[in-house]
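Chain B: place on chain A using the hints.
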Amino acid sequence: MKFNKKLPTVFLDTDSEYESIDSKVNIILSPSLYWVKKISLPVKYVRDVQKLLPSIFEDILPDGNYNYYAYKVDDEFMVFAYNDKFILDTLSKKGISLSNISNIYFAQSEITDIETALKINEKQSVYIKDGVLILVPCCWIEEKGKLDVSDIKHSKHKITLHQFGHIVETKSLYKIGAILTVMIFLLSSEYFITLYKTDKILSAKDEIYQNYKLKSTTFQNKALLKKYKNIHSMQTKIRKYISYILKIKLQKDERISFISLKNKKMLISFTGVSKTRENVIKKILTSKGVSFKSKSTKDSMRIEASL
Amino acid sequence: MNRINPLYIGVTLIVLISFISYKLNVVTDEYNEAKIEYKKTLALANELKSLENVYGDKKRIKKSLEKILNHSSLRGSEINKDFTKSTLKIDSKSINIKALNFLMGKLLNGTYQIRSMKIKKLSDLRVSLELEIKW
Chain A
239 MKFNKKLPTV FLDTDSEYES IDSKVNIILS PSLYWVKKIS LPVKYVRDVQ KLLPSIFEDI
299 LPDGNYNYYA YKVDDEFMVF AYNDKFILDT LSKKGISLSN ISNIYFAQSE ITDIETALKI
359 NEKQSVYIKD GVLILVPCCW IEEKGKLDVS DIKHSKHKIT LHQFGHIVET KSLYKIGAIL
419 TVMIFLLSSE YFITLYKTDK ILSAKDEIYQ NYKLKSTTFQ NKALLKKYKN IHSMQTKIRK
479 YISYILKIKL QKDERISFIS LKNKKMLISF TGVSKTRENV IKKILTSKGV SFKSKSTKDS
539 MRIEASL
Chain B
1137 MNRINPLYIG VTLIVLISFI SYKLNVVTDE YNEAKIEYKK TLALANELKS LENVYGDKKR
1197 IKKSLEKILN HSSLRGSEIN KDFTKSTLKI DSKSINIKAL NFLMGKLLNG TYQIRSMKIK
1257 KLSDLRVSLE LEIKW
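One line per chain: the protein sequences are A and B, in this order.
Start counting the first sequence at 239; every next residue gets the next number (the working numbering).
Start counting the second sequence at 1137; every next residue gets the next number (the working numbering).
In short, the hints are calculated from the structure, not lab data.
Be aware that one or more of the hints could be misleading.
Heads up, incomplete: computed chain A residues facing chain B, CB under 8 Å, no partners named [to be verified]:
1. S410
2. L411
3. I414
4. L463
5. Q473
6. I476
7. R477
8. F496
9. K500
10. V518
11. K521
We treat Cβ as the ideally placed atom computed from N, Cα and C, and that holds for glycine.
In isolation and in its complexed conformation, chain A is listed as follows:
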């Protein structure tokens, strides 16, 4: 079971000294660590004021990166500007680790009920003038004690310091983060889409095996295809060679007396062919790309073509 434990509060000021802090604390920022204005604006809501804050402070702030805060008091607005880096440096100088800080508040929002000036260190005091908590040198005003923040009841107006705001603007950080996140989203989407597409194409490949009734392995199918291709090539050649032979215009006494086909060899015997005609027939077959051997006897010629 977790109990809400009240944490000690530290009033952070540039000129105060602190004992080492090694437990969680709340921080109240001294007016020396922020700029404050109490203003009346013709707007109703704090969110409308927030857009105007940089221009409200632009004339008074030194160079640097600032963050802003605002809240409403009756019909007026309390507006704040603060330099994260300056506050962080002060915390660091005072030996207060960020990991030990629970919440950070403005003194303006936390110290609202003091009637006289109160000392915050040996040189300075705070007091409220026209609703604004201001910091004054000790000798300017008569103090009636030291500021005690131990029993203070905190308001809801707390701020979060941006540790890296001085390096990269918060907006830029968000932009870079958003771009990287969008990239991750796009790449992840692409990854899952590609996985899905791969799965689908693999299923489609399996379907080919079923639809075409293929053998179970590519090796078997390739071997079968090779067998059919060889048959097809052989049969095409047989028909081509027969067509070449039959297209030869024979002379009056010339005849084809024998055609045989066996073991990839085609034998054709011509009868009644003269030497000259033999050469003509051979020339025709050579021009058709038929590889053959020929044997001539008295008036016949035997052609042996390899398929």
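Frame of chain A, contents of chain B only:
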């Protein structure tokens, strides 16, 4: 006030992007390979099926050969036909040239697997024939 260094978040996001990019490359390669394999398998299947339909459909081949041999043009010819499980042997001691032209025209224009053939001229109008067709 424990805030995470945005640099760590940035580095984490970049590492994540690199990791996803690497995984994406791997699956893209796998996808491209699968696509190539699919195309190859489809081409092989188409080619194999068309050749199988031509040379491997035993029933069709046998039926069409029977139809040719029973044709009226060959009725008068003395043709011995011997159908085995996977071959047809045709043999004729003397067949007229008209019947030979019809038979060879059908066989050569069809997609039959002619294994062996012997045609010998006997006279101007007659030849002897031996033929073996496989399926």
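Status of the hints after comparison with the structure:
1. S410: Hint violated; S410(A) Cβ to chain B Cβ min 10 Å, cut 8 Å.
2. L411: Check passed: Cβ of L411(A) comes within 5 Å of chain B, closer than 8 Å.
3. I414: holds (7 Å)
4. L463: Since the shortest Cβ distance to chain B is 5 Å, the answer is holds.
5. Q473: Interface hint status for Q473(A): holds (6 Å vs cutoff 8 Å).
6. I476: holds (6 Å)
7. R477: holds (5 Å)
8. F496: holds (5 Å)
9. K500: holds (5 Å)
10. V518: Given a least distance of 21 Å, the restraint on V518(A) is violated.
11. K521: This interface hint is violated because 24 Å lies over the 8 Å limit.
In summary, the structure is inconsistent with hints 1, 10, 11 from the numbered list given earlier, while agreeing with the others.
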